[in-house]
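Asks: Sequence:
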Amino acid sequence: MGIKLKNLISKRFQELEDQIQTVLQTKRISSPDSPFGSQEYYDSDTILGWAVKVKNLLVKVAGENSEHYKSFLQSEKSSSFSNVSKFNEYKAIFLAAKEDYEGGYLSSYKSIVQAEVFDSELEQAIELLNNGYYVAAAVIAGTVMETAIRELCLKNEVTPGKLERMNADLAKENIYNINVQKQVTALAATRNSAAHGKTTEFNHSDVKQMIDTIQLLLTTHLSVNV
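Under the working numbering, the first residue of the sequence shown is numbered 5, with each subsequent residue one higher.
Don't read these hints as lab results, they were simulated from the structure.
Computed from a prediction, not measured in an experiment: that's the story for all the values here.
What you were told as hints is all true, and nothing was included just to trick you.
Okay, derived cross-link-like pairs now, BS3-like style, lysine-lysine, Cα gap no bigger than 25 Å in a straight line: (1) 159 <-> 176; (2) 74 <-> 95; (3) 176 <-> 15; (4) 64 <-> 95; (5) 74 <-> 15; (6) 176 <-> 166; (7) 57 <-> 15; (8) 57 <-> 90; (9) 159 <-> 59; (10) 95 <-> 15; (11) 95 <-> 57; (12) 64 <-> 81; (13) 81 <-> 59; (14) 176 <-> 64; (15) 186 <-> 212; (16) 64 <-> 90; (17) 57 <-> 31; (18) 57 <-> 74; (19) 59 <-> 31; (20) 90 <-> 74; (21) 166 <-> 202; (22) 95 <-> 59; (23) 212 <-> 202; (24) 64 <-> 15; (25) 159 <-> 57; (26) 59 <-> 15; (27) 186 <-> 166; (28) 81 <-> 57; (29) 31 <-> 95; (30) 95 <-> 81.
Label-pair restraints from in silico Cβ distances: (31) 172 <-> 128: 24 to 34 Å; (32) 107 <-> 202: 42 to 52 Å; (33) 28 <-> 165: 43 to 53 Å; (34) 177 <-> 199: 22 to 32 Å; (35) 172 <-> 33: 51 to 61 Å; (36) 124 <-> 158: 12 to 22 Å; (37) 202 <-> 57: 47 to 57 Å; (38) 151 <-> 181: 19 to 29 Å; (39) 213 <-> 82: 50 to 60 Å; (40) 172 <-> 100: 33 to 43 Å.
Ideal Cβ placement from N, Cα and C applies to all residues, glycine included.
With the hints as extra help, turn the sequences into a complete structure.
Replies: Here is the structure:
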């Protein structure tokens, strides 16, 4: 994730934490004559607005299958005579997510699944390479790289497009540096040569180095984990 997006997410977490006070300031005490007697409560619309914004952030940062998001949804379904206890549950889940994010412990389910898919496809490329099919291996490895770059664009709100353009835009936005951009350009050239059957422009060793480089990039600069 680029520094720009990380700062934006951190800012949003802080904004929503600050807005907790807005909810707390709406506290009222119901009439003793109410069905459940005198008790504290918060403005329901203010809670709803805050909760919607928190869920939106949790989905983007942790994913719909994260424990944080699922716990928040479960808390919404829980019954309570007072919305004070419900909001306290919301707040606890939100603050736990904020702490985990700041500690670097949040990773979306989609990112984990995508990483597993990449690993599987690169293993296939390695097997093809070991069996002499270096052209097919180069095409598969190049496709993995392009898919990872596309995901990185989506994660950092960079408009996806052709590989050359995405590569340039990611470097321009400082998502990764100029050296990584040059590596991606070189790897893309090998992939294109393979895709067009220009087998004289690369060899078995080039593809092995290509796969090794892509594996390294996937764990560093091309990772889409939050």
